[in-house]
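Turn these sequences into a full structure, and let the hints guide you.
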Amino acid sequence: MISGFAQNGRCRQALNLFHEMQRAHWGGGSTHVNEAVPFKGKPLQVSLNNALVHIYSSCGAVDKAYRVFKSMSWRTTISWTSMIMGFAKQSRGKEVLDVFQWMLRVAIDEVRPDEITFDGVLCACSHARYVIEVRHYFNSMNEKWRNEPTIEHYECMVDLLSRAGYLDEAFELVELMRMKPNEAANEAKH
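If you're matching positions, the sequence shown starts at 2 in the working numbering and goes up one per residue.
Please note that a few of the clues may not be correct.
Here are the simulated DSSO-like pairs of lysine-lysine, each with C-alpha atoms no more than 27 Å apart in a straight line [unchecked claim]:
| # | residue 1 | residue 2 |
| --- | --- | --- |
| 1 | Lys95 | Lys71 |
| 2 | Lys145 | Lys90 |
| 3 | Lys71 | Lys90 |
| 4 | Lys95 | Lys65 |
| 5 | Lys95 | Lys145 |
| 6 | Lys65 | Lys90 |
Restraint-style ranges between C-beta atoms, simulated for each label pair [said to hold, decoys possible]:
| # | residue 1 | residue 2 | range |
| --- | --- | --- | --- |
| 7 | Val112 | Asn140 | 19 to 29 Å |
| 8 | Ala25 | Asn143 | 42 to 52 Å |
| 9 | Met22 | Glu111 | 23 to 33 Å |
| 10 | Lys145 | Leu168 | 21 to 31 Å |
| 11 | Arg106 | Glu153 | 23 to 33 Å |
| 12 | Ser72 | Tyr167 | 18 to 28 Å |
These are calculated hints, taken from the structure and not from any lab test.
Here a beta-carbon is modelled for each residue, glycine too, at the ideal position from N, C-alpha and C.
Structure, rendered in C-alpha cells:
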C-alpha cells in the first residue's frame with residue numbers, strides 16, 4: 002500500500018502510513034527499517050527498506066533515500082535499481098554512476114543489473130551527456146550481463162549521440178536497431 006501511494010504521487014500519505022505502521026507495530030521512533038524490524042528476517046527487512054527508498058525518492062527526498070539505502074545490510078537488485086532510479090529522476094548522473102559502479106563491484110548471481118537498472122543508468126548518463134560511459138554500459142548490457150537492449154535503451158543512445166553532436170553515429174545506430182524505432186528516434190536522425 003505504501004508503494005502504491007508513492008507510485009501515484011501521494012508521497013505524504015505514503016510517509017504517513019509508514020510512520021503510522023512504525024508507531025503501531027515497531028515502536029521506538031526509529032527512522033530506519035533496519036532498526037525498526039524486531040527480527041532479522043531479511044526478506045521483510047529488505048522489502049520495507051526498498052519501499053522507504055522508493056517513497057523518499059518519489060517525494061524528491063533522494064538524499065534521505067540514499068541514507069536509508071546505505072544503512073541497508075542486505076540489498077537486492079530492486080534495492081540498487083530503486084536508488085539508481087531515484088537519482089536518475091533528479092538528474093543526478095554522477096550519483097547514478099557511483100551507485101551503479103558500486104552495484105557492479107558487489108554483483109553476485111542474485112544481484113545483477115536488469116533492464117530497468119540499465120534504463121536508469123542510460124537515461125541519467127544521456128541527460129548528463131556522459132558519452133563514453135553510456136557507450137560502455139550499453140555495450141556491456143548484452144555482452145556481460147545478458148540483457149538484450151530494448152527500444153528504450155536504443156532511444157537513450159540515439160538521444161545522447163544526437164545531443165552530443167554525433168549525428169552520423171546516431172543515424173547508424175537507428176539503422177542497426179533490431180526493432181523499429183519510434184518517432185523520437187526517427188526525429189533524432191534528421
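Here's how the hints hold up against the structure:
Only pairs whose Cα atoms come within 27 Å are accepted, and Lys95 paired with Lys71 is accepted, the gap being roughly 17 Å. Simply put, Lys145 and Lys90 have alpha-carbon atoms about 26 Å apart, close enough for the 27 Å limit, and the pair holds. Taking the CA atoms of Lys71 and Lys90, the gap is near 19 Å; set against the 27 Å cutoff, the hint holds. At roughly 17 Å between alpha-carbon atoms, Lys95 and Lys65 fall within 27 Å of each other, so this suggested pair holds.
For the hint linking Lys95 to Lys145, the alpha-carbon distance of about 22 Å falls within 27 Å, and the restraint holds. With a C-alpha separation of about 15 Å, the suggested pair Lys65 and Lys90 falls inside the 27 Å cut-off, and the hint holds. In this structure the hint that Val112 and Asn140 lie 19 to 29 Å apart at CB holds, the actual value being about 21 Å. For the hinted restraint 42 to 52 Å between Ala25 and Asn143, the CB-CB distance of approximately 47 Å keeps it satisfied.
Distance hint for Met22 and Glu111: a CB-CB separation of about 27 Å, consistent with the stated range 23 to 33 Å. A hinted range of 21 to 31 Å for the beta carbons of Lys145 and Leu168 is consistent with their spacing of about 28 Å. Under the hint 23 to 33 Å, the C-beta atoms of Arg106 and Glu153, about 26 Å apart, fit the expected range. Hint check: Ser72 to Tyr167, Cβ distance near 41 Å, so the stated range 18 to 28 Å is violated.
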